[in-house]
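A.B. asks: If you want the building blocks of each chain, they are given just below.
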Amino acid sequence: MKGETIDDAAIRMATADNVVTALEDLPAGRAFSVDGETVTLVEPVEFGHKFALTALEPGDTVRKYGEVIGTATEPIAAGEWVHTHNVVSTRGQPGDDGGEGNSNGTGETDLNGNDETEGEA
Amino acid sequence: MSERAADPREFEGYRRVDGRVGVRNYVAVVPVSVTASAIAKAVAADAGTGVRALPHQMPLSPSDAARTQIESVLEGVGANPNVAGALYVALGTEDIAAEELADAAAETGKPVETLAIREAGGTEAAVGQGVDLAETLAETARKTRRETADTSELIVAMECGGSDATSGIAANPVVGDACDRIVEAGGTGLISETPEFIGAEHILAERCVDDEVREKLLSRVERRERMADLMGVDFRGAQPSPGNQAGGLTTIEEKSLGAIAKGGTTPLRDVITYGNRLPVGGGFVVMDSPGYDVESVSGKVAGGAQIVVFTTGRGSTTGNPIAPVIKVTGNPKTFQRMHENMDVDASRVLEGESVRAVGGTLYDRIHDVAGGTLTAAERHGMAEFAINDLPANEVATLGDPT
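Chains as they are written, first to last, in our numbering: chain A, 1 to 121; chain B, 1 to 402.
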């Protein structure tokens, strides 16, 4: 798996991907040139997090590594942060009751983590 | 698979009676149950360098399926080629017989002893006798000289813990490249952590050498997914873990696609039950294990892995009592902040260095470590060990995986 870096600040893992990963903390308004189009961040995106290259509708598949990593749950604009608040897994949802499982997605420490991730894979 | 030529490397290892090669030369002190764990630690501490304890929490009377799994791990760590001699320590009332574990480990031809705490007459007498036995085993171990071996004799286990977005885009692809190099040179590359195949199992399935292996793989992944269901776990909250999510991983599919990159691109030869012995003869193999990294590493070392390569985005310090653990991070901040705990900086990939170049650096490091260079975890005395339990309700509902 070899990615393609975009303006030295983001990486696209496969050409079919509609999201890319930030390689540094990116401010709102930062513009990227992707396949001749300009994608401008509508909000800050932290290192390691993803933003959309194209607009997505609820139910659209989100692609990274050239594979489906989830489904959009609300409209996502090009340049918007893509994470647990607007994407859900297509797998592992026993007794799915519509999205309560996302509650752990935020409120953590900084990227390097002083939290208790030891022992987690 | 890549088109490059195989690049086997030589290293100086410890040749055992059964022909296998260790990269370390330890005496293992293995408790049969939790009741012997503290005594095993005391024996290892008093017996001095080269004697390593493998304390764990398993009970005197585990369920049948759990017992099979525990026996497999305890036999396996004694049989691991990094171990020159083993001492099994029991209270003496365990359902698992120390002598049976010792007999299984002794099939490798190495010296193996047993010690029963009750027969010895209590704690102090047991520690005293244990130290004597361990020192005798260590004396034999010291007579083993390093001799030349090569990559084809290595079983290298790939693991990840504390994943973030850099794991899938930098560290795991680098490890995957090294895994390919090992397999191409005739060695064995091994991944596990089955819950982290969910959402990416179709890619591994395509790599299976035949339908039998493919069915085994898919049934093990399905079982892990149903296990989460049985336990009432919603993957959206627990996988990726809160820490993974803070690091930018959104869904289990995303985490899994990044995780399986550790296994490179070569054909998947077989799927092995947790803690069971690995096949000889090289190739890429999967062990069905939980996602909990310490248990997963312990299972692979029981399977015969001499070296572990462990990627961590968010930072992990863990090691293993009998196998060197090489820490690789793709997160530049983690590499800087936890420099003393890291062995290889895969964040160079984020700065434009090729996966293949950094994979080559890791491949070199694996052989250096095989030849005796200490890893960060070894330098810091990190020696975590844990055995995966198999709850009776899980076996009753999902069947016995052992």
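Hints should not be assumed to be uniformly reliable.
[To be verified] Distance condition first, Cα-Cα at most 20 Å in a straight line; then the derived EDC-like pairs of lysine to aspartate or glutamate: (1) B:Lys41 - B:Glu124; (2) A:Lys2 - B:Glu124; (3) B:Lys333 - A:Glu24; (4) B:Lys333 - A:Glu67; (5) B:Lys216 - B:Glu394; (6) B:Lys41 - B:Glu147; (7) A:Lys2 - B:Glu394; (8) B:Lys333 - A:Glu37.
Hints are computed from structural coordinates only; laboratory data are not their basis.
A quick note: this is a predicted structure, and the numbers were derived from the prediction, not measured.
A.B. asks: Would you mind marking each hint as holding or not holding in the structure?
C.D. replies: Structure-based check of each hint:
no., hint, in the structure
1, B:Lys41 - B:Glu124, "holds, 13 Å"
2, A:Lys2 - B:Glu124, "violated, 57 Å"
3, B:Lys333 - A:Glu24, "holds, 11 Å"
4, B:Lys333 - A:Glu67, "violated, 28 Å"
5, B:Lys216 - B:Glu394, "holds, 19 Å"
6, B:Lys41 - B:Glu147, "violated, 30 Å"
7, A:Lys2 - B:Glu394, "violated, 39 Å"
8, B:Lys333 - A:Glu37, "violated, 31 Å"
This entry does not satisfy hints 2, 4, 6, 7 and 8, going by the numbered hints stated previously.
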